[in-house]
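Start from the sequences and build out the full structure, keeping to the hints where you can.
One-letter residues, chain by chain:
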Amino acid sequence: MEKKTRGFSFYADIYRKILVQDLKTKMSYRADFIISTIGMIMVNLSGFVTFLILFRNFPTINGWDYYHMLFLYGFSLVALTPVQCFFDNNWNLRFMVTSGDFIKYCFRPVNVFFYFMSEVFDVKGLGQLAFGIGTLIYAWAHIGIPVTALTIGKLLVFLLTASLFMIALMNAAAATCFWIRNSGYVMVIMFRFKDFAKYPSSIFSGIFKFLFTFIIPIAFIAYYPSLVILDPDNVPLLSWLSPFIGILFFWLSYKFWMLGVRKYDFTGS
Amino acid sequence: MEDQALVMKNVCKDFKVLNRHEGLKGSIQDLFSRDYKTISAVKDVSLEVARGEIIGYLGPNGAGKSTTIKMMTGVLEPTSGEILVNGKVPYKNRTENCENIGVVFGQRSQLWWSLPLIESFKLLRDLYMVPQQQYEDMIELYRSLVDIEPIINKPVRQMSLGQRTLSDILAAFIHNPAIVFLDEPTIGLDVSMKDKIRALIKGLNKEKNTTVILTTHDMGDVDALCRRIVIIDKGMKIYDNDIEHLKGYFGSYRTLHMKLADDTWEQMLIDEKTTDVMQVITEKQKVTKIKDIRLEEISTEEVIKKIYEGEAV
Numbered sequence: 001m002e003k004k005t006r007g008f009s010f011y012a013d014i015y016r017k018i019l020v021q022d023l024k025t026k027m028s029y030r031a032d033f034i035i036s037t038i039g040m041i042m043v044n045l046s047g048f049v050t051f052l053i054l055f056r057n058f059p060t061i062n063g064w065d066y067y068h069m070l071f072l073y074g075f076s077l078v079a080l081t082p083v084q085c086f087f088d089n090n091w092n093l094r095f096m097v098t099s100g101d102f103i104k105y106c107f108r109p110v111n112v113f114f115y116f117m118s119e120v121f122d123v124k125g126l127g128q129l130a131f132g133i134g135t136l137i138y139a140w141a142h143i144g145i146p147v148t149a150l151t152i153g154k155l156l157v158f159l160l161t162a163s164l165f166m167i168a169l170m171n172a173a174a175a176t177c178f179w180i181r182n183s184g185y186v187m188v189i190m191f192r193f194k195d196f197a198k199y200p201s202s203i204f205s206g207i208f209k210f211l212f213t214f215i216i217p218i219a220f221i222a223y224y225p226s227l228v229i230l231d232p233d234n235v236p237l238l239s240w241l242s243p244f245i246g247i248l249f250f251w252l253s254y255k256f257w258m259l260g261v262r263k264y265d266f267t268g269s
Numbered sequence: 001m002e003d004q005a006l007v008m009k010n011v012c013k014d015f016k017v018l019n020r021h022e023g024l025k026g027s028i029q030d031l032f033s034r035d036y037k038t039i040s041a042v043k044d045v046s047l048e049v050a051r052g053e054i055i056g057y058l059g060p061n062g063a064g065k066s067t068t069i070k071m072m073t074g075v076l077e078p079t080s081g082e083i084l085v086n087g088k089v090p091y092k093n094r095t096e097n098c099e100n101i102g103v104v105f106g107q108r109s110q111l112w113w114s115l116p117l118i119e120s121f122k123l124l125r126d127l128y129m130v131p132q133q134q135y136e137d138m139i140e141l142y143r144s145l146v147d148i149e150p151i152i153n154k155p156v157r158q159m160s161l162g163q164r165t166l167s168d169i170l171a172a173f174i175h176n177p178a179i180v181f182l183d184e185p186t187i188g189l190d191v192s193m194k195d196k197i198r199a200l201i202k203g204l205n206k207e208k209n210t211t212v213i214l215t216t217h218d219m220g221d222v223d224a225l226c227r228r229i230v231i232i233d234k235g236m237k238i239y240d241n242d243i244e245h246l247k248g249y250f251g252s253y254r255t256l257h258m259k260l261a262d263d264t265w266e267q268m269l270i271d272e273k274t275t276d277v278m279q280v281i282t283e284k285q286k287v288t289k290i291k292d293i294r295l296e297e298i299s300t301e302e303v304i305k306k307i308y309e310g311e312a313v
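Protein sequence lines correspond, in order, to chains A and B.
Residue numbering for the first sequence follows the working numbering, starting at 1 and increasing by one per position.
Residue numbering for the second sequence follows the working numbering, starting at 1 and increasing by one per position.
The hints are simulated quantities; they were obtained by calculation from the structure and are not laboratory data.
Here the structure is a predicted model, which is why all the values come from computation and not from measurement.
Here are the simulated lysine-lysine pairs, DSS-like style, with alpha carbons at most 27 Å apart:
#, chain 1, residue 1, chain 2, residue 2
1, B, Lys-88, A, Lys-4
2, B, Lys-154, A, Lys-104
3, B, Lys-122, B, Lys-154
4, B, Lys-206, B, Lys-194
5, A, Lys-263, B, Lys-234
6, B, Lys-273, B, Lys-306
7, A, Lys-263, B, Lys-43
What the simulated footprint calls covered on chain B by chain A, stretch by stretch (three residues with Cβ under 8 Å from a Cβ of chain A suffice, anywhere in the stretch; the number is not a length):
#, segment
8, 110–120
9, 124–136
From the derived model, a few chain B residues whose C-beta atoms are all more than 12 Å from chain A:
#, residue
10, Gln-4
11, Gly-26
12, Glu-48
13, Lys-202
14, His-245
15, Lys-284
16, Val-287
17, Lys-305
Virtual Cβ for every residue (Gly too), placed ideally from N, Cα, C.
As structure tokens, then:
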């Protein structure tokens, strides 16, 4: 029997095929599709309105003015899109683990993590993406950041970095279900934490700053990466390091997730 | 070794379970406790299954069936002992092992819930990297064995339980695996669907010479499909031989059916060595009228029941 190798292109191809099929079925449930799109727009609008009201009352927060804050807001929205679109199945993990249904992911000759995540693509994230990009461009233009290949390149790299942190956070939170029963709370708490990402980390002091930087790294979801673009003359070391820390956190969360799979004894069946 | 699809040698599996304490104080204690007890789920099981064989893997609930299956499929690692599936150690390389096995759980679909069946098949073809020609031949074979037209374009979520099981079985064979594990494939199905499923399994086994390991509580499945059965209880293998041999052991047993005055059938298992059938009938006739009598050989179901209840083999 010849050994079959499955590389990156294999996985990319499989993901694309599953995605196309999934989108096709989603479109066929038209009412469902429209309602969830409307819902998604409302959620984003209400978040945005809260933000505006806040800024009517506090024109600057710790030296950050309206457009800078808007930039940070848009940045975090875009950065949160991948976790929403591609890793949404994390929310279902604990149900599958307790019911024993999770075992089905172990019988295919592909990576369990990949196979599990590939099953769900959440379209709602796309609206958030559009909203985030709009906000980002608007703020970008008002701040007057030059549009060069370098700034755009930086933006993309650091957006990706920020996404990695959020994905890592949700992976780790979801994987706790392999050990503890009420892991739903852990996920909800982590998910709530992301709201702090919309504010400059410099408003937190002492213990919280440490906590949000190194323990639950939400400061990396928008604050540190966006400084590279907003304040290019004054970039802290942590910002430059963030792509590497992001990859490290992602890798750690993946290992943690897979460790859970190995450890799980599948007694649910 | 080459013609063995599956070999197990002295396989044991222990689980460590935390000794739980009662009450609030106990729960806090449990948080830090290292007080584990060991539970042996599988004890010293050895087994060989030849290529193309269908074996019935039986045992009461909690006997260690699923644990064994999980070890065979590479999901669990045995505590001690050796397992070879297609000549390879399953848990050492899970992915490679998965190329060569198919798994069906009676009540849990492994297909993409919202996709039409044919799309699931195509995705599986790509996942297992099945050559196009081989894939088409397989679909052709399916067509010759069952009527797949009504379900081929139906999303799995809209299927009846029977259709879903049928689909899952077909999906498990698509990459032409050497071994297929079927866990209660006919559970919850009506009689005609059961027949259909059994015929399909038999057909696929014959055409592809696939080894089938069938766990079930339905003796109808066993009668229709298996010549050899393996029975496991409390983690130990207690029987491994032809089903006829087993029936021979209980050869003196007869099932007596009697239709009573109120048109109900009463059923009794009688060991002719110790009890006289005629005497039982006479005794009964003293109490009520008997309209009809049928005497049968012991059924597989009753043989298995006897073994579960602990009658020596």
